[in-house]
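Each number in our numbering comes from the position in the sequence shown (counting from 1) with 219 added on.
Treat the hints with care, as some may be off.
[Said to hold, decoys possible] Derived pair list, reagent style DMTMM-like, types lysine to aspartate or glutamate, alpha-carbon separation capped at 25 Å:
#1 K562 - E377
#2 K445 - E363
#3 K309 - D576
[As the list claims (entries may be wrong)] Distance ranges between label pairs, derived from CB positions:
#4 D411 - E590: 53 to 63 Å
#5 T399 - Y539: 34 to 44 Å
#6 A589 - R456: 41 to 51 Å
I should point out that these hints are in silico values taken from the structure, not numbers from a laboratory.
The model shown is predicted, which means the values in this text are computed figures rather than measured ones.
Backbone N, C-alpha and C define an ideal beta-carbon position, used for all residues, glycine too.
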Amino acid sequence: FLTMSRQIIDRRVIWPPKIKLVTPMGYLRDSTGNSYPRDIGRSSKLSNGAVVWQFGDTFSHNFSGDFLGVTDNTCSVGSVQDPTLSSYSKAANGSLEDKTFNSSFGDQILTPLLGPFPNFQGPNAKNIKLWPFSGIVEHSCCSEFLRGWTFYELSTYEDGSLETDIQAVVVAEVTHQNRTGITKATLAGQGDHQLFKVNEPRFGSFCILQGEENYLYAYGHLTPTKNVGLSRVPIDRAASRDDYRYWDGKDWSKVIEKSKPVFTTMQHGQIFKTDLFGINSMYKYAFFGCNSFGDSKAVLGRGIAPEGPWQMESLDLKTYALNKDKTPFQYCFYPHPWASNEKKGDLLITWSEGGMDGNVIAVQLRFETAEFPT
């Protein structure tokens, strides 16, 4: 029989973390088999079980392999059952008539999830990129659809140049239809729709998180550094600049200039609630991403709260590229905990290899775990 003295055992990833097994899973794929080199690869599992993938520059090809053009932000819909497979046509309901939806058919270039930005007044206003690094956080749902927020980094470039200059952070409302999978995004906010401007911290463009007490937490680089600061806002008010509060190192302030970093020198990544460190652990939040040194190094972190304090450790993970036209380093490292068995120390991750024919590579990690009495 059970006695009062019997200890409860909690299994958790050891710290500092150690990778026990790496299982390559190839590229993220489109269900049509068509060729779509792309980067970023942010996933968000919605409350209806659907998985929405967001990509950056996406290079469309027809079934003959001919290049059709590039789209700066695209969206596809997948499922938990096959985590590396998704469908542009499902996100668009297979429609060719409605140009606001994506399509994977014929000789048509994919249309962006978030369309043109006609009201931008700034340098190179006709050459705009909207890149989706944040992921999606739901704010409401009904029997027919789900709605959430996603943030975009707005950049511009000169004609003929590959270099971009970040100009603003904008927020969009995403609507996902439960029955069809159709997914759309529309700009939110007032006036010029620029939630945070060129010389301000880029809150929301690094990642976002649904936290406790119905807050949305928005992380972003504190310009001009790669140090990451944090803001929060009531989840139904994410498009309202006046409702944001900023972490000043001790408390939440109304003054954006008082923002302090919660961690430093990170380029890309995602924070998520987790049981990786034990069901009864004080560390309820994890970070997975890459540093800002351009050395293709992955980082795992653990935190007590969204604002930290955070402990970060570089991982002994050998990243690689599968394509020929690759960049000197890998980037856009992201976790996908919805496809992972955290109790066993598993975490599905992806990174982007870059280049004109580069894509997003998936790998299943298994971290070493140990049993601890609680």
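How the hints compare with the structure:
1. K562 - E377: Violated - the C-alpha atoms of E377 and K562 are around 49 Å apart, more than 25 Å.
2. K445 - E363: violated (40 Å)
3. K309 - D576: holds (23 Å)
4. D411 - E590: 53 to 63 Å: holds (55 Å)
5. T399 - Y539: 34 to 44 Å: Holds, at about 37 Å.
6. A589 - R456: 41 to 51 Å: holds (42 Å)
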